[in-house]
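If you're matching them up, the sequences are chains A and B in order.
At position 186 of the first sequence (counting the first as 1) the number is 186 in the numbering used here, and the numbers step up by one without a gap.
At position 131 of the second sequence (counting the first as 1) the number is 131 in the numbering used here, and the numbers step up by one without a gap.
Derived from the structure by calculation, the hints contain no laboratory data.
Quantities reported herein were computed from a predicted structural model and do not represent experimental measurements.
Any given hint might turn out to be false.
[To be verified] Each computed DSBU-like pair below joins lysine-lysine, with the alpha-carbon atoms no more than 30 Å apart:
1. A/Lys310 <-> A/Lys235
2. B/Lys133 <-> B/Lys61
3. A/Lys172 <-> A/Lys244
4. B/Lys61 <-> B/Lys198
5. A/Lys174 <-> A/Lys310
6. A/Lys171 <-> A/Lys235
7. A/Lys126 <-> B/Lys314
8. A/Lys50 <-> B/Lys29
9. B/Lys29 <-> A/Lys126
[Stated by the list, open to error] Partial selection, computed: residues in chain A whose CB lies under 7 Å from chain B:
10. Ile86
11. Glu87
12. Arg90
13. Gly121
14. Thr122
15. Glu368
Heads up, the beta-carbon is just placed ideally off N, CA and C, and yes, glycines get one too.
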Amino acid sequence: MEVSKPSKAKFIASGIIPFAFVIVLVAYIFGPGSYLLDFGVPLPEITIEKVDFMDSEIRVTVRNTGPIPVEVVIADVNDRIQPAAIEPDRFLERFEVAVVRIPFNWNVAEPYTIGLTIEDGTRFEKEIEAAAPALEPSLELAGFFAIIGTYVGIIPVMIGLLWLPFIKRLKKNKYHFFLALTAGLLLFLGIDSVEEALEVYKENLSQSFNGVLLVATVIVVTFLGLYYVTEKLVKRAESSRIAKPVAVALMIAIGIGLHNFGEGLAIGAAVGIGSIAFSTFLIVGFALHNTTEGIAIAAPMSRGKTMMRKALIGKLAGLGMIAGAPAIFGAWVGGFVYSPFATVVFLSIGAGAIFQVVITVLRWIREEGDKNLSSAAVASGIAVGMLIMYLTSILV
Amino acid sequence: MIVSISVIVTLSVFYFVFPEGISAQQEEKTFVTMEGAVITTSGEVIDPVLTTATVDFDPDKFLREFNYGRVSQLEDGTTVREFTIIAEDTKVMEISPGVFFNAWTYNGTVPGPTIRVTEGDLLRVKFINNGEKPHTIHFHGIHPAEMDGVFEIVGQGGEFTYEFIAAPAGIHLYHCHVMPVEEHIARGLYGVFIVDPKESRPPADEMVMVLNGFDTDFDTENNSYAANSVPFYYLNNPIQINKNELVRVYVMNILEFDQINNLHMHGNLFDYYPTGTYRVPSAYTDMITFSQGDRGIMEFVYQYPGKYLIHAHKVEFSEKGWVGAFLVKDNPDQESQTGVEYGSKQTIKG
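Excised from the complex, chain A in its bound form (with noise of 0.2 Å):
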């Protein structure tokens, strides 16, 4: 029997058949078999994704969420119908999205319901709990995020890193503790970023961005990267001079900056929709928060090779930087360019991050200790950073 090897337009030819499968598929149902899909009536949709008090106007970011193009042909305030411009037009095709301008007199502090009919007569609105003036993004303005992002991000993380000398003398079965703990915070703090995603994209994106699976996808992709990443430099470090417990150190740093960039986002969100008060609370209780973060950090680090001084309070200062500046950015972004659906990406990145941390830690334990994770040592460590971060929480 003769076997002949395979050429390689067959090989090819077998990868790419299916996919003209698919085509013919795809083409038959959008063609001929159109009557297949024409049952019930696709309702159209619109969600007011943003609206922006400015000067004497009202700016509402609208997008077509619904199955079919729609056309905007009435804006309202309060239920009251009001002149306005719609940018680019008022044809909105899938996904794409307008500016409505209403020129209006508004109150600050003052609460509004926007409304925008479409040209089937249907009525989409969506309610400003207080009006507050947009803000325009200046130099003064960005100073300000700058030192409220240090504050939150920066000097707690800082502060933190403090405990350093402390946690270095601990005995093993302590520093297994502290290990532990710091997986708890980051757990704690993962599950609060995924829960901050979901509920952006519930108060301000419409169903059929699929918000859960949104979130779910980015978190797992986000997860996977940072493992294979976080692999490849903790093989490296083995091999170089950076020491294993840096490397676990950055990645957490790392995971950390993404979270607090979330939180960044967060702070100026509310700054920018005018919620002073709330805003106040909400730096307060980051700064607590975040002094954890930075055990989490001084954790690892406690074991490395025994450094200089100099060079320690460096990398030190490299760390605590990289996971606190971020919120400088997160305030700029969430305060000046504040978009819903950045910021669950945003949000979900955090998590996925952080997810992947604690595994790293849960490893670095589990290498550390007898090979298992089951002493009380982790099972407390895990359950007081949980329940410390859940006190602190209650502060924001």
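Starting from the known structure of chain A, fit chain B onto it as the hints suggest.
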């Protein structure tokens, strides 16, 4: 491979996040609001308040259009007035600029045609139901029970002839009375039924205003309000009348969902005759409040030329369309003041 996938993913994310930044700039347009604010836009102006747009219904034509029917006489000298009214419920009409709604109509319009007869005439209305749902015509006024249009439901493709002696003199209404009546009325099956007294009213510039609205998203709240269906229409196309000339407005409120409606006229007061049945006015006022089905006759003369608003003093309604204006002209031709045939005033287009 990985690079190209990540580029595609990044681009698609950017498309979702900043799609408005991608579209090209168009030429600038400017519009001025009622408050005097000037808005410059590269997009489109959507302004049902201050722009004139034509829709599938002409409020100018309706305003002064009276239908007297096909006239014949019985042997005993009674005048017979015959009308044909066709109900439809499947067409989608533009009822406000840009808003398309499945209105239910008598003879293709909301309100249906204004039927005008004289007290004592024999009214014969051939009703044809070309809709998919059952409909009737229920007239207000005095008539035998079987002509009341309530129990004699006319199904799809069916016909019925309503026949009775018109009485009493006044302004009445007709509307569909099939359950759910609220829906049949709110969708547009109504019209004005005027019975003139045998001894005619003084000559005047006569017009009909039906106060109505549309619930276009079916949440039992009206989305637009108007006199004669089209929101803000008479604000942009003021009703032209002459100084020192008697004006008579047959006004009827058929608004559903809201408990009341009202009317306020600027710069003048009017004599008001509820239901138009008595020849003595009940009030000299600038304000009337209506419940559903309330109607009456307003009579007034403007002394000063200029533009005067007429609108719901329930301002919510006026800000959603029930606002219009009279343009009182200073220099009318003298003939129109003396030689007006009663009820024959034609539309003056400006």
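For each hint, the structure was consulted:
Between the alpha carbons of lysine 310 of chain A and lysine 235 of chain A the distance comes to roughly 26 Å, so the proposed pair stays at or under 30 Å and holds. Between lysine 133 of chain B and lysine 61 of chain B the alpha-carbon distance is near 29 Å, which keeps this suggested pair within the 30 Å criterion. Taking the CA atoms of lysine 172 of chain A and lysine 244 of chain A, the gap is near 17 Å; set against the 30 Å cutoff, the hint holds. About 26 Å separates the Cα atoms of lysine 61 of chain B and lysine 198 of chain B, which keeps this hinted pair within 30 Å; it holds.
The straight-line distance between the Cα atoms of lysine 174 of chain A and lysine 310 of chain A is roughly 27 Å, inside the 30 Å bound, and the hint therefore holds. Between lysine 171 of chain A and lysine 235 of chain A the CA atoms are separated by roughly 27 Å; this keeps the pair inside 30 Å, and the hint holds. Taking the CA atoms of lysine 126 of chain A and lysine 314 of chain B, the gap is near 24 Å; set against the 30 Å cutoff, the hint holds. Between lysine 50 of chain A and lysine 29 of chain B the alpha-carbon distance is near 24 Å, which keeps this suggested pair within the 30 Å criterion.
Simply put, lysine 29 of chain B and lysine 126 of chain A have alpha-carbon atoms about 27 Å apart, close enough for the 30 Å limit, and the pair holds. Contact between isoleucine 86 of chain A and chain B, as hinted, is supported at the beta carbon level, the nearest pair being about 5 Å apart and thus within 7 Å. Below 7 Å, beta-carbon pairs count as interface contacts, and glutamate 87 of chain A has one with chain B at about 3 Å; its hint therefore holds. Residue-level restraint check for arginine 90 of chain A holds (minimum Cβ-Cβ distance to chain B is 5 Å; threshold 7 Å).
Because the smallest distance between the Cβ of glycine 121 of chain A and any Cβ of chain B comes to about 2 Å, under 7 Å, the interface hint for this residue holds. A least Cβ separation of about 5 Å between threonine 122 of chain A and chain B falls short of the 7 Å threshold, and the interface hint therefore holds. Checking glutamate 368 of chain A against chain B by beta carbon gives a least distance of about 34 Å; that is not within 7 Å, so the hint is violated.
In summary, the structure is inconsistent with hint 15 from the numbered list given earlier, while agreeing with all the others.
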